[in-house]
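Line by line, the protein sequences give chains A and B.
The opening residue of the first sequence carries number -2 in my numbering; numbering runs sequentially from there.
The opening residue of the second sequence carries number -2 in my numbering; numbering runs sequentially from there.
Hints may be right or wrong, so weigh each one.
Identical chains blur together in the list; that is why a pair holds if it fits in one copy or across any two.
As the list claims (entries may be wrong) - Derived lysine-lysine pairs resembling BS3-like cross-links, with alpha carbons at most 27 Å apart:
1. K173 to K26
2. K173 to K87
3. K16 to K87
4. K173 to K16
5. K87 to K26
Think of the hints as simulated: they come from the structure by calculation, not from any bench.
Protein chains: 2
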Amino acid sequence: MSSEELAARGQTTAAQVRKDLSHFGSFGKRGLGYPVDELRARLRRILGIDRTWNVGLVGAGRIGLALFEYPAFRARGFDCVAIFDSDPEKIGRELGGVVVQDPSAFEEAVRALGIELIVLAVPAEAAQEMAQRGVDAGVRGILNFAPIRLNVPPRVPVEDVNLVMELEALSFQISKDEPDA
Amino acid sequence: MSSEELAARGQTTAAQVRKDLSHFGSFGKRGLGYPVDELRARLRRILGIDRTWNVGLVGAGRIGLALFEYPAFRARGFDCVAIFDSDPEKIGRELGGVVVQDPSAFEEAVRALGIELIVLAVPAEAAQEMAQRGVDAGVRGILNFAPIRLNVPPRVPVEDVNLVMELEALSFQISKDEPDA
């Protein structure tokens, strides 16, 4: 497949496709395009999705459960193997085959299940503690929905999702084109 | 308040605070710090959150409803005034005082309610159509959870939230430090 065809599928340009891929080595042959199966396999390896990741969900609110039920996660190898919530109403309930546990069981579960990624979907005041406990137990990466900056070692990547800030980015972009009132 | 104090609260550095603010004009006086009330008011104006934004939610799944119920949205002036979903089971139900409507009522509601922002939380195959219909009816900005790149006029900002890509960003960062298998 040519970089032009890849670009059309990805809604970008052929030059961008070639430039992006060049960051990761040599793919394809000039004039022959890219061998699709090999390209897919190598990209999956680069992205770290040529394997399964055991994911722990910390906080069984709507956001957390939305993630949990999203079929694309499992399809990409992210397997939610444990759920923790401090709400006594939720503890012991089964969600999609996974029983909600008390956070006191967190570290033991991280170790026993080999949880490497956690999704932190708890209130801001609980997020730092759970992040630290996770890291201490062996967690290697954190998807953080709490509106605080987590303090964890540099070796542990954190991706922050702050939906209020996303909306504010929109209101900022719209407002900056308007004359001051 | 000094830039040092602001930096400590924002978990950044005083130099960064001064640099960031300098992009938007002159704030505070050297040696005197920043007048907090005035700074807050000006930042709210710059971000476009010195007013209320009427927001329409397109797609009443878990993600959409999580946003809808998140108190921080209303606190920042984002007011969800309408919900649309094509599921007959959901149409007519009231969620937080807002009745879920059939998408056929979308354009009329956008105009009647002055909806300027929409949250698109629908499957990929429905997202482009709803985006276009929204823009045609007067929508000015889109928070997009659908995993496609929306094609809208450049004057309409789009913020994309792709949670699979956030997890892949983590698995990439963790994997790139590992030797190849």
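We went through each hint and held it up to the structure:
1. Taking the closest pair of Cα atoms, K173 and K26 come within 27 Å of each other only across two copies (25 Å); inside a single copy the shortest separation is 46 Å, beyond that limit.
2. Taking the closest pair of Cα atoms, K173 and K87 never come within 27 Å of each other, the shortest separation being 44 Å inside a single copy and 37 Å across copies.
3. Proximity of K16 to K87 under the C-alpha cut-off of 27 Å is found in neither arrangement, the shortest distances being 48 Å within a copy and 46 Å between copies.
4. With identical chains, the CA atoms of K173 and K16 are at most 27 Å apart between copies only, with a shortest distance of 19 Å across copies and 33 Å within one.
5. In this assembly of identical chains, the alpha carbons of K87 and K26 never lie at most 27 Å apart, being 55 Å within a copy and 52 Å across copies at closest.
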